[in-house]
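Colleague: Residue-level listing of the chains:
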Amino acid sequence: MFDARAIRRDFPILERRVNGRPLVYLDNAATTQKPQAVIDALVRYYTTMNANIHRGIHTLAIEATEAYEAVRAKTAGFIGAEGYGAIVFTRNATESINLVARAWGEANLRPGDEVVLTVMEHHSNIVPWQLVARRTGAVLRYIDIDGEGRLRLDHARELIGPRTKLVTLVHASNVVGTINPVAEIAEMAHRVGALVMVDGAQSVPHMPVDVRALGCDFLAFSAHKMLGPTGVGVLWAAPGLLESMDPFLGGGEMISVVRPEESTWAEVPHKFEAGTPNIADVIAFGAALDYLAALGMAAVRTHEIELTALALERLSRLPGLTIFGPRDPEARGGVVSFAIEGVHPHDVATIADSFGVAIRAGHHCAQILTRRLGQSATSRASFYVYNVPEEIEALAEALEHVLEVFRRGDSRAAVR
Amino acid sequence: MAIPEPQFDELYRDLILQHYQHPRNRGHLPNAALRAEGANPVCGDEVAIELEMNNGSIVRAAFEGQGCAISQASASMLTETVAGKTVAEARSLARAFERMIVGGETPAPELGDLEAFQGVAKFPARVKCALLSWKVLERALDGAG
Chain A
1 MFDARAIRRD
11 FPILERRVNG
21 RPLVYLDNAA
31 TTQKPQAVID
41 ALVRYYTTMN
51 ANIHRGIHTL
61 AIEATEAYEA
71 VRAKTAGFIG
81 AEGYGAIVFT
91 RNATESINLV
101 ARAWGEANLR
111 PGDEVVLTVM
121 EHHSNIVPWQ
131 LVARRTGAVL
141 RYIDIDGEGR
151 LRLDHARELI
161 GPRTKLVTLV
171 HASNVVGTIN
181 PVAEIAEMAH
191 RVGALVMVDG
201 AQSVPHMPVD
211 VRALGCDFLA
221 FSAHKMLGPT
231 GVGVLWAAPG
241 LLESMDPFLG
251 GGEMISVVRP
261 EESTWAEVPH
271 KFEAGTPNIA
281 DVIAFGAALD
291 YLAALGMAAV
301 RTHEIELTAL
311 ALERLSRLPG
321 LTIFGPRDPE
331 ARGGVVSFAI
341 EGVHPHDVAT
351 IADSFGVAIR
361 AGHHCAQILT
371 RRLGQSATSR
381 ASFYVYNVPE
391 EIEALAEALE
401 HVLEVFRRGD
411 SRAAVR
Chain B
417 MAIPEPQFDE
427 LYRDLILQHY
437 QHPRNRGHLP
447 NAALRAEGAN
457 PVCGDEVAIE
467 LEMNNGSIVR
477 AAFEGQGCAI
487 SQASASMLTE
497 TVAGKTVAEA
507 RSLARAFERM
517 IVGGETPAPE
527 LGDLEAFQGV
537 AKFPARVKCA
547 LLSWKVLERA
557 LDGAG
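Protein chains in written order, with the numbering used here: chain A, 1 to 416; chain B, 417 to 561.
Check each hint, because a few of them may be wrong.
To be verified - Between beta-carbon pairs, the in silico distance windows are:
#: 1; chain 1: A; residue 1: S263; chain 2: B; residue 2: G520; range: 54 to 60 Å
#: 2; chain 1: B; residue 1: G528; chain 2: A; residue 2: V139; range: 53 to 59 Å
#: 3; chain 1: A; residue 1: V127; chain 2: B; residue 2: G472; range: 21 to 27 Å
#: 4; chain 1: A; residue 1: R135; chain 2: B; residue 2: N471; range: 40 to 46 Å
#: 5; chain 1: A; residue 1: V388; chain 2: B; residue 2: D558; range: 49 to 55 Å
#: 6; chain 1: A; residue 1: R135; chain 2: B; residue 2: G528; range: 53 to 59 Å
#: 7; chain 1: A; residue 1: I13; chain 2: B; residue 2: D558; range: 42 to 48 Å
#: 8; chain 1: B; residue 1: E426; chain 2: A; residue 2: T31; range: 52 to 58 Å
Stated by the list, open to error - Just so you have them, the derived chain B footprint on chain A, three or more residues with Cβ under 8 Å:
#: 9; region: 349 to 356
#: 10; region: 398 to 407
No lab work stands behind these hints, which were simulated from the structure alone.
A virtual CB, placed ideally from N, CA and C, is assigned to each residue, including glycine.
Isolated chain B (complex conformation):
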């Protein structure tokens, strides 16, 4: 019987590793209107997200956090993706992201580069890592009313 190749490459896509090792928008926003934070108590991943808002749209997003490559890359890519989106669009993205990762759905076109995370669906132990920053985003957006 041939030994199958380990499947971790599907999880650790180059784009994910790049964002983990060189995170974007890490830090604080001086004019943040919305902020939320969250953690996975089991594994200790932590993410805090700040949003600068204008007229119901996200102008800029930033994050702080610590944890595994999946949780931190997910937060980094989130901050790039949601900039310029309305609250409704950002919520729709969060739902599409969750459907891809939990339901294993084909990535919706609006997800763009976030499709790099679709391999997470095959690693049930890591789903929470990828979702953490999106759950935190949704909590921050709750403050937008």
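If we strip away everything but chain A, and leave its shape as in the complex, we get:
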């Protein structure tokens, strides 16, 4: 049974105090904390198994290679891709998207071809396409949102057409939380012969994700946003795609035969993993996947819906506070962004931090969306498996202090 209080005991950092108070960590959309099992796996690897992989003949090299490849299989299983397509390990979701933009986009996009994105993309799913558009002459089109931060499907239908070669979209928004109807959009894209790339950085960690059900061709996500170490990203690609693409980076590990003029490539996925990969962190990521699998992703999702519903209800009672995104907690991930009238988000975050409450303030690497919301920045609380209802109350109380400080400033200024 899912028990967030028991889960908390597995995360040593949650015992920390910040500014004299218990840490209330609500910045999980930026990165999550790590359970002891992940930290142990990292230490165990370096203590007992450290060796370079894939080429070694000795025992340590064989063990390390097996452990690394076992995580590849486990990752595939986690997203319903066992024996279906290929998993490439990268540095992060950003690098996964860049890999597709360079290795697929530069080879396949022609002047006038269109790449369809959405206004709620993270910069990591905008800038790589701007770079490739500049090199190829392709054009970027952005699907707009409605007043509740949901994609406008009528606009998607309008934009996705014969010129569309790729539709690339975020599964769950890191700002408004919206969970996008990827399967529906993938169908529109495939009908016109376009491929579909999904940024799963905020969905794979938080809900059951099955690449067949999504119907996408590429899926990118990051280990560090799902209890794993930093420095590991994942790219899943549908069968045959990576085989048809040229390598992204060249070097060791990714070749078959090297001759003075040209070389031949290793098999997929190794063709896309040039150089010594992040062996230790990939292996520790395996422990994170085990941890989440034991909790059950459906239970993780249910827990986050409960916390989100509570946060939406509690925060909406604060005067002058606007919450962005869908009102229905079932329609969004565990991310709640808000604005407080007359108070800049950085001031909100500083005061919250003085109560030990860690939230994010800024444009959340989504300037197009932030501007679309009519803001220059927002404050954001985001939840995960170890968060409990009391922490939402702690956030609400910290926000009440924010209101008090700025009301105080206002009333004194008025009598001045």
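With chain A's structure known, arrange chain B on it following the hints.
Modeller: Positioned in the frame of chain A, the structure of chain B alone reads:
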């Protein structure tokens, strides 16, 4: 263990809140001789400063901008403080302000009301907010030769 009181009062002093909520000299100067602007790309604070000059002295200063209470109050107080100062005096103020905020130095007497910002020194994440308008001022003064 007693829970210590949160320390944000040191940062959000009344004078700072007043300037944030009721900024002085906000807008443009018709006879501005010097102008510069700047931003903190990480947090999005923006400040532009205009200076009306006469004989090597700042006659009036005005600012435009958006951002947090610290960055905007700092710009507002800057415009009040530098009016009537020579270029050399204004530069000296900027350096004294930075020493107080970055080095945690006791405020120099010339800073006057700007001592309200000394609490910023304890909030490393906010130092750039307080300094932004002063960096912009220094860039504007570079135009004075």
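Colleague: Could you run down the list of hints and mark each one as holding or not?
Modeller: Okay, the hints, checked on the actual structure:
no. : hint                        : verdict
1   : A/S263 / B/G520: 54 to 60 Å : holds, 57 Å
2   : B/G528 / A/V139: 53 to 59 Å : holds, 56 Å
3   : A/V127 / B/G472: 21 to 27 Å : violated, 45 Å
4   : A/R135 / B/N471: 40 to 46 Å : violated, 54 Å
5   : A/V388 / B/D558: 49 to 55 Å : holds, 54 Å
6   : A/R135 / B/G528: 53 to 59 Å : holds, 55 Å
7   : A/I13 / B/D558: 42 to 48 Å  : holds, 46 Å
8   : B/E426 / A/T31: 52 to 58 Å  : violated, 29 Å
9   : 349 to 356                  : holds (count 4)
10  : 398 to 407                  : holds (count 3)
The structure is inconsistent with the numbered hints 3, 4, 8, although it conforms to all the rest.
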